[in-house]
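2 protein chains.
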Amino acid sequence: MNHPAQAAALKRPVPPALLEALAALFEDRFSIAPAMREHHGRDESSYDPMPPDAVVFAQTTEEVAQAVKLCGSHDVPIIPYGTGTSLEGHVLAPSGGVTIDLSQMNRVLAVQAEDLTATVQAGVTRKQLNQEIRETGLFFPIDPGADASLGGMAATRASGTNAVRYGTMRENTLALTVVTADGRVVKTGTRAKKSSAGYDLTRIFVGSEGTLGIITEVTVRLYPQPEAVSAAVCSFPSTAEAVSAVIQTIQLGVPVARVEFLDENGVRAINAYDKMNLPVQPLLLFEFHGSAAGVQEQAQLVRHIAAEHNAIGFEWATKQEERSRLWAARHNAYFAMLQMRPGARAITTDCCVPISRLAECILDTKADCEKNDMIYSIIGHVGDGNFHVLMMIDPHDPDDVAKADGVNARMVARALSMDGTCTGEHGVGLHKMAFLVQEHGTDAIETMRVLKHAFDPKNIMNPGKILSW
Amino acid sequence: MNHPAQAAALKRPVPPALLEALAALFEDRFSIAPAMREHHGRDESSYDPMPPDAVVFAQTTEEVAQAVKLCGSHDVPIIPYGTGTSLEGHVLAPSGGVTIDLSQMNRVLAVQAEDLTATVQAGVTRKQLNQEIRETGLFFPIDPGADASLGGMAATRASGTNAVRYGTMRENTLALTVVTADGRVVKTGTRAKKSSAGYDLTRIFVGSEGTLGIITEVTVRLYPQPEAVSAAVCSFPSTAEAVSAVIQTIQLGVPVARVEFLDENGVRAINAYDKMNLPVQPLLLFEFHGSAAGVQEQAQLVRHIAAEHNAIGFEWATKQEERSRLWAARHNAYFAMLQMRPGARAITTDCCVPISRLAECILDTKADCEKNDMIYSIIGHVGDGNFHVLMMIDPHDPDDVAKADGVNARMVARALSMDGTCTGEHGVGLHKMAFLVQEHGTDAIETMRVLKHAFDPKNIMNPGKILSW
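Those sequence lines, one after another, are chains C and F.
Just so we're aligned: 433 in my numbering is position 433 of the first sequence, and the numbers increase by one with no gaps anywhere.
Just so we're aligned: 316 in my numbering is position 316 of the second sequence, and the numbers increase by one with no gaps anywhere.
Next comes chain C alone, as it looks inside the complex:
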């Protein structure tokens, strides 16, 4: 899949002196090997790779600061890289430059169990964190599917399945350590749960996709592992009924921990991929957290709501293994869908709308996919009004690409017309820049540009993402 012609034009020269200086600083953690560059020039989007000129593996905030200063002194772009699981081209290098791989910054620096907080280096992944804190009785809830790094998740304002109950990285990031474009190291906050002390630097950097600074440490909120957890699945005769059941659940204030929607295509794919036997119909997958009695109460209420919407079956999974199998299947939906069209790549887009418009938005988007003969699935964190369209395309078939782009553009236009957003959790990257302008309008975009220009006057921080210069 090609990129806008403009991208290549932005390529900036990387002087040998810079490469030498970085090589001296990072030694065997510096590379210009084509395979290494290529690996760092792609994410899980369908874009062809756009490799950086060099890759360095940082181990400390100080090293990141030094790399940024060096690149800054040569006006060379610098691109942070965590696990490469972004979906909109966030880590590609359209202007070339130097990628800072943060995966070796993988230490959990502090767990303050009694405060329900932890501070980690940016390269720590969510699964690693949960592994390391398991014995404290706490957990970190944000789960975007991929085992992403906390730094990347903060930079993308990630969320996922648990957000309906626990919030997103926006709500769960207490403080960051950030290297700014001039190489300064800024601590954006404290471990206080709330604060009115000045501008919200933390949330300026959360979601900024590396374009305002590089996140090197993240302090997050943790939660007590619930006393009881149960899951439930039920199928529905139609998408409309499934989504209506969710809308009612949310409107009644039932504190579900997760509520995921899979359309019949998604169900068919995971049945094949995970050897499951779910009815090939729209499916809701719930998880309840609370006390034993509380979980039961929530489930009964939801069962009642589901029945009112003609749900077929309402299966309980209170055992850990059953629950894990269901959620693994949900998380494998991306890979399962890829198998539905061998050799294809997936375009995964997302949007988020006010909950009352969710059924309409999903149904119209499904109709559009059908009309365009897409091999697709709609899967969503529907409790938040957020859903994904996965489209299996041949990235080298211009027709295929054009069709998928059309579905995507119309989905975004639809979401915006409903007072929703062009991306609920994937971010803007390269691919949603035009949509961002549609969503926010000229005055807000200009305000964002004022921020970008002030924080990164040389445009060296992951340039060409979120906003055009």
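Incorrect hints may appear among the rest.
Treat identical chains as interchangeable: a pair holds within one or across any two.
[As the list claims (entries may be wrong)] Calculated pairs, DSBU-like style, for lysine-lysine (alpha carbon to alpha carbon, straight line, at most 35 Å):
1. Lys458 <-> Lys69
2. Lys187 <-> Lys366
3. Lys127 <-> Lys275
4. Lys403 <-> Lys187
5. Lys11 <-> Lys187
Hints in this document: simulated from the structure, not taken from any laboratory.
As the structure is a computational prediction, the values presented were derived from the model and not from experiment.
Go by the hints and put chain F onto chain C.
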């Protein structure tokens, strides 16, 4: 109480041409009457008034934009004013200028009950909003005590008693309409519950105290009125035991809706003021929201925790009238304390620390107050690690002022040493600017300054607050 000498030096000339233009625009909603200016030059802090040169009452966003453009063309400061209930001098006019009173922007513009959202003009107060939405079965939870305007609450990143369960204005503001320093009207977001679409303009303006732009409309999240609500009060032999009970409640993840601490001084004051008979001992006041069974389960758990910490009595208040009486008493604590020293004014300061340090922070602060013979009370939203010190002083007695300033400065230093913040919910205003620098350090403050200079290059938006120029 006097102000830093620097303030007067900043006074800027307000040319007659500007006053004439504003008078023509606002007609009888323009005033230079001394009483009007004086009223708008003070808040609930102990500062002597610093009146603006003129006051205008805006009724629309467009009028605010016109006023900002007029003031901008003369480099004259502009100060937004809601209900005047700020506590750190936020609305004072140390450089003179024009106050825009937003209290006439008091329309609830839209209630989207099915989406659990509402959009209001900035002058709508929280009580007014709750009154207008009562029949939808929803409520707006943020409750800072004062019946503040939603615009002011957003600008101050306010929170209050319900924040432990429902979050603060940071979490509950979905979108804003803001007039920026150049008079542009910016919409910062949509009604989507979550978004990864670009920089978080909403949270840049939330907590910016009018120094980056003037908030004219606020879109907030609403919540279903809980099926059941109950309150409980219990007294403790010591502050340490009361606070430890709270810490354990939070660490166990009990979803209390409110948990308020009053020390024995606060209890004594409200007994006198509200004709109540509470034991003169440290007190916790809980509120539980949920299903009938859930509320009972929470209360039982808390009762058990309280008993382990030697609580004396654990009284239930399930009836609306009893609950309202208790909460009214809590909310009257400020006025009740004023009666403890007739003629005094209150200095009300706040800080917020990680919950594990809360007992220590409160105890050391109490000891400091005692040592300095203050007439004081400590009252707090302790579930968040947030507490207030109310000190009754004679603002014209330099000794009194110096003592209170000392207690305040040491409390902040203590909170910062515990990785807490210099203000959990009151904001910076004029009075906490030096503490802000202590808290964030030079690099973070410089980053805040870059933001301020970029968004307000002429320093006309509520100048002299949060940061020095």
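Checked hints:
For the identical chains of this complex, Lys458 and Lys69 are neighbours both inside a copy (12 Å) and across copies (30 Å), given an alpha-carbon limit of 35 Å. For the homomeric pair Lys187 and Lys366, the shortest alpha-carbon distance between copies (30 Å) is at most 35 Å, but the shortest distance inside one copy (45 Å) is not. With identical chains, the CA atoms of Lys127 and Lys275 are at most 35 Å apart within one copy only, with a shortest distance of 25 Å there and 55 Å across copies. For the homomeric pair Lys403 and Lys187, the shortest alpha-carbon distance between copies (32 Å) is at most 35 Å, but the shortest distance inside one copy (45 Å) is not.
Taking CA atoms no more than 35 Å apart as the test, Lys11 paired with Lys187 passes in both settings, with 32 Å inside one copy and 34 Å between copies.
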